[in-house]
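A.B. asks: One line per chain: the protein sequences are W and L, in this order. Its first residue numbered 39, the first sequence is counted upward by one per residue in the working numbering. Its first residue numbered 23, the second sequence is counted upward by one per residue in the working numbering.
Calculated Cβ distances over 10 angstroms to all of chain L for the following chain W residues:
(1) THR60
(2) THR61
(3) GLN131
(4) LEU178
Listed next, with one range per pair, are the computed distances between beta-carbon atoms:
(5) L/VAL155 / W/ASP170: 42 to 48 angstroms
(6) W/HIS79 / L/GLY219: 48 to 54 angstroms
(7) L/GLU46 / W/GLU123: 37 to 43 angstroms
In short, the hints are calculated from the structure, not lab data. Quick reminder that beta carbons are idealized off the backbone N, C-alpha and C, glycines included.
As a plain string of letters, each chain reads:
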Amino acid sequence: MTDLVAPPVARPVHLVVNGVPTTLEIEPRVSLLDAIREHLHLTGTKKGCNQGACGACTVLVDGRRIVSCLALAVQYEGREVTTIEGVGPHPLQDAFVRFDGLQCGYCTPGQICSAIGMLTEHDGGAPSAVSDDVASPAALTRNEIRERMSGNLCRCGAYNGIVDAIESVGGKSG
Amino acid sequence: MRPFDYERATDVAQAVTLVAERPEARFLGGGTNLVDLVRRGVETPDRLIDVTGLPLTEVEATQDGGVRVGAVVTNADLAHHPLVRSHYPLLSQAVLAGASGQLRTMATVGGNLLQRTRCPYFTDLTMACNKRVPGSGCAAREGFTRYAAVLGTSEQCIAAHASDMAVALAALDARVELTSAHRVREVAVTDLYRLPGETPHLETVVSRGELITAVVLPPPPRGPSRYRKVRDRASYAFALVSVAAVLGVEDGRVTTLRLGLGGIAPKPWRAAAAETLLVGSEPTDEAFSAAIDLELVDAKPLPGNAFKIDLTRRTVVAVLRRLRDEAVTT
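In isolation and in its complexed conformation, chain W is listed as follows (with noise of 0.2 angstroms):
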């Protein structure tokens, strides 16, 4: 451990989050999930392995998924968050409580807010690892949801009732 050049600095960092301009006073440190949960107090959003492996903390930024625990929020400086809280009223919630896609629930705003942004990459033609032909569109089947859900673990084991949820939202939402 090399000696600290300079004491931790607090920055603004401006983001749109669910549509609403914010300012937060944040260090470059800070995660972009941790922004959402403890400095905006939104906590749907969840923090499950802190290290990229579960899905758990999936949010959409600029309408694309990622994994906001691995994203530092500075590096996000101008661009738009969209939650689970901001997601809604969409098709997707709806299935997942008619399909059960969930048990205990932790993992699910991670799961719809992937499902979204995963839609909006098929609708866009993006092939996957189980797409035979990368070169040509590939229909939405149950093997591609699974592959291209791969990234949202749920440890109560609610995966088909997951498939089924996008799968009878699949192709009519992006």
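Following the hints, complete the assembly by docking chain L onto the known chain W.
C.D. replies: Below, chain L without anything else, positioned relative to chain W:
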């Protein structure tokens, strides 16, 4: 997490100057590896230079029929790009085989190349690791070696390189553009990395103050291609073994072979010995098997990863057999 300064670079010259000013400064791409390492205390930068705002975000066709990929293009944008999907499907497949949809949205091409090993002893500060603390020893050698390398290792380090993308880039003869305040140079992807030897903490030939600014792909090789990744779960896991291959067959002989191997070496491994043996030969299963055996002759497996020898052989043969059948029927 230890505090650090943060600067968002707006041009390459500024970025390389900012990082050259401080010996502990690091470039920051998507952060998917570095932020985690800083949080764990494995990396201890005093300044992060965010390069994701640099104008290095394009995937462009080059004059010679290749493609130039800006260093801060994200893994998702690379894998989803029409030029890459149609001309370098091997590269799309490899990128899509890595990480998760969320991480690919964040991760950058330059950051992917410079990611650190996922050897669990490297990231555990309580363990001996010559890569993290030179001279401290290697806890992995007597420990959990399932993900450790079998080729190119040394007494000091058996850590494997984690990138899928780099394995495909190695097979495609990609070159990496490095820019410093004084010069721009290109090195082959396979030459970007050093083998561990006596200095496992020195992983690449990139100098302090040099920034990866692009990856340059020559025109795609002729023949069908495939990236196959073998892992402990079906998705979102690092490779035990991966194979990136391009096979051209004409008149019953192998005319082109590009063979990259992942999960088994400290760097993306180009199987040059196997390629040399096979080109000009008949593309039989026996020839494929003999070629990969030759490549693996210097492997130094440990009890926990000796299975990788046979797994590599079987995966290579299976991929080449499939490509041969595609090459013959198309």
